[in-house]
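Following the numbering used here, the numbering of the sequence shown begins with 1 at its first residue and continues without gaps.
In short, the hints are calculated from the structure, not lab data.
By construction, the Cβ of each residue, glycine as well, lies at the ideal position given by its N, Cα and C atoms.
Errors might be hidden in some of the hints.
[Claimed, not checked] Estimated spans, in silico, between C-beta atoms of each pair: (1) L34 to R205: 33 to 41 Å; (2) A169 to D51: 43 to 51 Å; (3) R176 to A224: 35 to 43 Å; (4) G46 to E249: 22 to 30 Å; (5) E245 to G188: 29 to 37 Å; (6) E245 to P129: 22 to 30 Å; (7) L165 to F49: 41 to 49 Å; (8) D11 to R176: 37 to 45 Å; (9) Q153 to V261: 22 to 30 Å; (10) C206 to R41: 21 to 29 Å; (11) L218 to G46: 38 to 46 Å; (12) A189 to H235: 41 to 49 Å; (13) A224 to A169: 31 to 39 Å; (14) G257 to T214: 13 to 21 Å.
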Amino acid sequence: MGSGVNALRLDVDKDTGVAVVTLDRPDRLNAVDLEMADELRTLWRGLRFDDSVRAVVLTGAGERAFCTGIDRDVVVPQPSSPYMQDDPLLTVGPKANDLWKPVVAAVRGMACGGAFYLLGECEFIVADPTAAFFDPHTTYGMVSAYESVLMTQRMPYGEVARMVLMGNAERIGARRAHQIGLVSEVTGAGEALAGAVRCAEVIARCPTEAVQGTVRALWAAKEAARAQAFAQAPHLIALGNLAAERQAELFAGRRSGGFRVR
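Produce the entire structure from the sequences given, and follow the hints as far as they go.
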């Protein structure tokens, strides 16, 4: 069964109990615009009520990218108060929407910046050999706050520090991502989605209550530290980000290539 509008596709196999959620903006490298953010929130919350779905796979359309974060053309309206800041990516993940069904990510191509809001709320990642993980925030004069917190809970501190501080100069390839524990499996070329679905099918065959309780327990192990760190993020971003005009200048002056893959 398939459904979806412009930004997402949802395919549910009721025989296996596995749903595949596809970020479907390949022409924009599956960057998240406000429509996609709204659709993700609606989809995750809807899956809470669909008992035919017992496990989920999250992937991106096309060969070039899983997701490249928030769309650079998006304008996010902000309150005038310095004490309030709206970040549409904070609520695009399954856990943020109280979904405790297991989610496995299948990554092909680039996964960078705001993509970590999604990957940080998946149980584990299956990667294509072309997968490349990086965070360009510092290159463009922005603080990597939420992304850094989420990735520090998935990989060694030093590896996160190097990734976020090197910005656009380096990318973590699939092999290195597997070595440091960010990725649980590297498949053959073009097989990441099939590999993630195989895992999800195994999980979906297990008793639902035990699976969801385990997911909740795993998240509880890091939830408190995450919440405490997230509370600092808005202040750090406000202090450390360059003016939007200067960010745009740095982004416009970027060069294709010129990065190292580890």
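Hints, verified against the model:
no.	hint	in the structure
1	L34 to R205: 33 to 41 Å	holds, 37 Å
2	A169 to D51: 43 to 51 Å	holds, 47 Å
3	R176 to A224: 35 to 43 Å	violated, 30 Å
4	G46 to E249: 22 to 30 Å	violated, 41 Å
5	E245 to G188: 29 to 37 Å	violated, 45 Å
6	E245 to P129: 22 to 30 Å	violated, 39 Å
7	L165 to F49: 41 to 49 Å	holds, 42 Å
8	D11 to R176: 37 to 45 Å	violated, 31 Å
9	Q153 to V261: 22 to 30 Å	holds, 24 Å
10	C206 to R41: 21 to 29 Å	holds, 27 Å
11	L218 to G46: 38 to 46 Å	violated, 23 Å
12	A189 to H235: 41 to 49 Å	holds, 44 Å
13	A224 to A169: 31 to 39 Å	holds, 34 Å
14	G257 to T214: 13 to 21 Å	violated, 43 Å
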